[in-house]
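K.L.:
The lines below spell out each chain.
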Amino acid sequence: MAEYEPKIIAFVCNWCTYAGADLTGTSRIHYAPNVRVVRLPCTGRIDFMLILQAFGQGADGVIVSGCHPGDCHYTAGNFHARRRWMLFRRLLDFVGVDMRRVTFSWVSAAEGAKWAELVNSVVADVRKLGPYEEFPQRLGGPGQKPIEVA
Amino acid sequence: MELLRDKAKSLLKSGAVQVVIGYAAGSATDRFRPHFARSADEADRLVFGDGCRQNLAVYLLKPEVRAMGKAAVVGGPTTLRTLLQYAVENQVSDGSAVALALEDGRVEELTSFAAVEEYLAQRPHGLSEEDRAELEQHAGRSREDRWAYWSGELARCIRCYACRAACPLCYCEQCITENNQPQWVPVASDAFGNLEWNVVRAMHLAGRCVNCGSCAAACPQNIRIDLLNQVLAQEAMTQFGAEAGYSVRKEYALSVFKPDDKETFIR
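These protein sequences, in sequence, are chains A and B.
Quick note: the first sequence uses my numbering, first residue 1, plus one each step.
Quick note: the second sequence uses my numbering, first residue 1, plus one each step.
Derived from the structure by calculation, the hints contain no laboratory data.
Think of the CB as a built atom: it goes at the ideal place given N, C-alpha and C, for glycine as much as any other residue.
Fair warning: there could be bad hints in the mix.
[What the hints assert, rightly or not] Here are the simulated lysine-lysine pairs, DSS-like style, with alpha carbons at most 30 Å apart:
id, chain 1, residue 1, chain 2, residue 2
1, B, Lys-70, B, Lys-7
2, B, Lys-70, A, Lys-114
3, A, Lys-128, A, Lys-7
4, B, Lys-9, B, Lys-62
5, B, Lys-13, B, Lys-62
6, B, Lys-262, A, Lys-114
[Claimed, not checked] Computed spacing ranges between beta-carbons, pair by pair:
id, chain 1, residue 1, chain 2, residue 2, range
7, B, Glu-251, A, Ser-27, 40 to 46 Å
8, A, Pro-41, B, Asp-94, 36 to 42 Å
9, A, Tyr-74, B, Leu-61, 28 to 34 Å
10, A, Thr-75, B, Glu-134, 39 to 45 Å
11, B, Cys-175, A, Ser-27, 41 to 47 Å
12, B, Gln-221, A, Asp-125, 35 to 41 Å
13, A, Ser-27, B, Ser-93, 53 to 59 Å
14, B, Leu-61, A, Gly-25, 49 to 55 Å
15, A, Ala-76, B, Glu-134, 32 to 38 Å
Model the full assembly from the supplied sequences, consistent with the hints where possible.
P.N.:
Structure below.
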């Protein structure tokens, strides 16, 4: 049987982390191919529900990344996002969601090497944790049998 | 009780308010229902007792109640906090509602936000000892146990949205659960949708919840969803020093930020 490959979804901001991940590629740095990058305008736009949706549709780990504090293209989006994550993390932890599978990070457009390192370490961690089977899946989501209509 | 009725009658008679929102006897001796008193006769049916736990401030924003004119709302500290949180969110303007604060059989008429602030400042803030102990007991268990407890509890949710209807701060005209393009929260009462709905509800109240407990009291499945709100309120207090509903000048925790907010988890 093939080795288990974790599925990681990364929600990144357009201005820093997406450009940073682009730099990783143009710098010819190899990193784990397990990550699916979703580009959003700003970390302030990354609704906490996206994280639940990712897990509900089969992700084993989630990365959320954007500009360093003070570098936001929209001045304050990442400050708002940071506050939201601080509370959201506490809530998810309280209901028993495995917070080792959610990684928050700041990766700037110049940090191509940091992006590769981040993804590699998250993939290694999640590989150890294994598939996130206990998280309920969204009905009719990918990898699921369609809902039968009588 | 007589004090409350007399107060309501004098307010209605003088024309200071057009409706007094209080409690009347319900379908059993220990049950109460909301009562909208618009005349002296109707004011005579006002009662107050231990079972009067619903936060009546929820009615202040309803269009049909607003159409009745200026309202006085009966309640305890959490109802007053709701009023101030409404003010922070520009839902109620100063002087447009009167609060009748009940405590140990006494009634205090509070006509301005400043009076409500002063009244609350003299009362204890934050979670009660029992609430705090209960939260600690939940948080102190292992992650596996917490997940087993909450996934079991939320699996019982029938998605009736009684918590949303009872909550004075869930007043969006269109809730995210009603959106179907995209459908954020699945309609069916399944494990994923239930988890998502309850997490979303708590997060949308983060830093705004005044801990009145109406959500859990309204839950027909007796799920302790108020714990989710309490844990967020406590976190907002420890992280940002933010408490909802004590001042009309303070923005709530998630609408503002400090450039030097301290966290330890962002890599």
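K.L.:
Using the C-beta atoms of Ala-76/A and Glu-134/B, is the stated range 32 to 38 Å upheld?
P.N.:
Given range 32 to 38 Å: holds, Cβ gap about 36 Å.
K.L.:
Per the hint of 49 to 55 Å, is the separation of the Cβ atoms of Leu-61/B and Gly-25/A within bounds?
P.N.:
51 Å, holds
K.L.:
Between Gln-221/B and Asp-125/A, is the Cβ distance one that fits in 35 to 41 Å?
P.N.:
36 Å, holds
K.L.:
Can the suggested window of 41 to 47 Å be confirmed for the beta-carbon pair Cys-175/B and Ser-27/A?
P.N.:
Given about 46 Å between the Cβ atoms, the range holds.
K.L.:
Sort out whether Lys-7/B lies within 30 Å of Lys-70/B, counting only the CA atoms.
P.N.:
15 Å, holds
K.L.:
For the pair supplied as a hint, Lys-9/B and Lys-62/B, confirm whether the alpha-carbon distance does not exceed 30 Å.
P.N.:
Measuring from Cα to Cα gives roughly 23 Å; hence the hint holds.
K.L.:
Checking one constraint from the list: CA of Lys-128/A to CA of Lys-7/A, max 30 Å. Satisfied?
P.N.:
This hinted pair holds, its Cα atoms lying about 13 Å apart.
K.L.:
Measuring from beta carbon to beta carbon, are Ser-27/A and Ser-93/B in 53 to 59 Å?
P.N.:
For Ser-93/B against Ser-27/A, whose Cβ atoms are near 57 Å apart, the range 53 to 59 Å holds.
K.L.:
Should the hint that Pro-41/A and Asp-94/B are 36 to 42 Å apart at their CB atoms be regarded as holding?
P.N.:
37 Å, holds
K.L.:
Does the Cβ pair Thr-75/A, Glu-134/B satisfy 39 to 45 Å?
P.N.:
41 Å, holds
K.L.:
28 to 34 Å was suggested as the range; check whether the CB atoms of Tyr-74/A and Leu-61/B agree with it.
P.N.:
The hint (28 to 34 Å, Cβ to Cβ) holds, given that Tyr-74/A and Leu-61/B are roughly 31 Å apart.
K.L.:
Run the distance test for Lys-13/B versus Lys-62/B: straight-line Cα separation, threshold 30 Å.
P.N.:
24 Å, holds
In this structure, only the earlier hint numbered 2 is contradicted, and the remaining ones agree with it.
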